[in-house]
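Now for the letters of each chain:
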Amino acid sequence: MKKLILLTAIGIVLIANFTPISYLLDEGYAYTNYNGKFKFKEEGSGHDFKMAKTLYKWYLESHPDDAKIDPKLYRTFKIKLWHFWEWRAMIFDKERYQLPYRPPQVKK
Amino acid sequence: MTSCKKDIDQQTPDDSFSILPREEAQTWFEKYTANNDGASRNMADDNLTRKPLNIDWGRYTSAATNELSYGLIALEGKLKSHGYAIGYRKLLITKKEGDLHAYILEILPDALYLQRKGSATRKDFYGRIFFYDTNYHLIKGYIYINGQVSGEIKPLESDRKESKAKNQSIGIALTPVQEICSWNEDNYVNADGEVVVFASRQCTYSVISDGLSDAGGPSGSGGDYAGGGGGSGGSSDSAPPVADLPGENNSRIDPKAYMSCFGSLPDIGSKMTITVYVQEPAPGLPFNVGTNSVGHTAIGLTKTYNGQSITQVIGFYPDATGKAKMHAPSKILDNSGLSYNVSISYPIIASEFSKIVNFVSNPPDTYDLTQYNCTSFVYNACLAGGIKLPDPNGNMGLGMTGMMPSALGNSIRSVGNAGNANVNGGTVGKNHGPCN
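First to last, the sequence lines map onto chains A and B. Note that numbering that gives the first Met the number 0 gives residue 27 to position 28 of the first sequence, counting from 1, and the numbers run on in steps of one. Note that numbering that gives the first Met the number 0 gives residue 402 to position 403 of the second sequence, counting from 1, and the numbers run on in steps of one.
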């Protein structure tokens, strides 16, 4: 019985991580720079972390002052380890999770 | 003040046109406004009580072009376009062949340009500059793209008669070289809080020489009337900081605004290319999900004329999050910076190109992950222009077949380097961006 539960759990994790289900479950990763002038939200389908890095590189090139002050890219999403459908990304595409965290700016 | 002085020194031209000294400009302007005050306050069609211009002559800067000399002073007041305060204004005093004239310039930078750059400069200015007389009658204006005049602005017909005489008095002759232009109505709120409705004509390669719109020339460095001015830190010397721009928190774009840029280049003599970019889910493998999630297909349109090129690469997305992405209203996103694995390009004639432009400008309202996704959109856009892409259909799993990036990527790979296919991948460059 325990074996069945374990196999079912593994099956669910694999399906959630290696099928389009992970695309449907992700809440959208977002990024910003130190002063909030650069913002990027992943939309999936190519509008992803790679694009965020490219656009941020271009941003720093066109904003050398910001690049001098703090060139780091920050994530504005919190890491939720219980999101088992993100485990593949956390292991194999971990760069986005390793970014320093900065709370998203809320406009009043 | 020190920086103003520095600017004046830097802008002193070494050609036959000397700069307009502040004392001369101030004396003339004060005399001019005293003489014209009655006229300006008794405009028959104007019930508005205007605030007098608060001029800080300490912020005066001067420069010269090949044809005239002029002085600029930043004025208070912000301009609003589509609800956002992004513009500013300046007083312009020109001197040509001994005659002095005064205008109020309202400078309305393009919002996205301002957001990207942080401040407006003459060298690469995108936006509009409106010329008013001192009675605040709109006389004319220019549309700028990358520091070059690309179109002109005029008052609507009802206002035109009033400004006709003033228009003639400026002594500026418009000499358009190209006649491939279109007029569009638009509006903004000027620094007096009035809604100004105007017509703008977008032209490309229009060579207009009025001594003020000339970006080049030996004295071009002094023509920075769109830019920072004296740099004395005042509120109106440069564009105000942009806090709330349309789309700041929403990456969706207006496809019509992107596609309209192609109208600025003439069809005759232009070279047009369609490029399809595919980001495979698992590059080189037939899987539907991989390191690139479900992958993506984007379409790039390029039009090149006489060395100038406009490229727009866009993609079709669901306007939803979570599982609602399965079937949702659609949106178009700018795909600048897209990392792709394979691409294929097609040279195309103008009539077919315009069909694709039209298709992209009016995308389907609904996105469906299995029935009408990013790949379906690109496939159908190409089909509208008579281009049949390699087979994009594949097995989606659960017995379903449909168009998807992995299948299209695989088909393009099978075409190989023949047929303008690129199987080495790359990154999409910067798009031209939207045009008004």
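No wet-lab data here; the hints were simulated from the structure. Note that beta-carbon positions come from the ideal geometry of N, C-alpha and C, so glycine has one too. Please note that the accuracy of each hint is not assured.
[As the list claims (entries may be wrong)] Pairs of lysine-lysine, DSBU-like flavour, derived with a Cα cap of 35 Å:
1. Lys330(B) with Lys354(B)
2. Lys77(B) with Lys67(A)
3. Lys270(B) with Lys56(A)
4. Lys56(A) with Lys255(B)
[What the hints assert, rightly or not] If you want the footprint, here are the derived chain B segments under chain A, 3+ residues with CB under 8 Å:
5. 317 to 328
6. 333 to 344
Run the structure past the numbered hints and jot down the numbers of the failing ones, going up.
none
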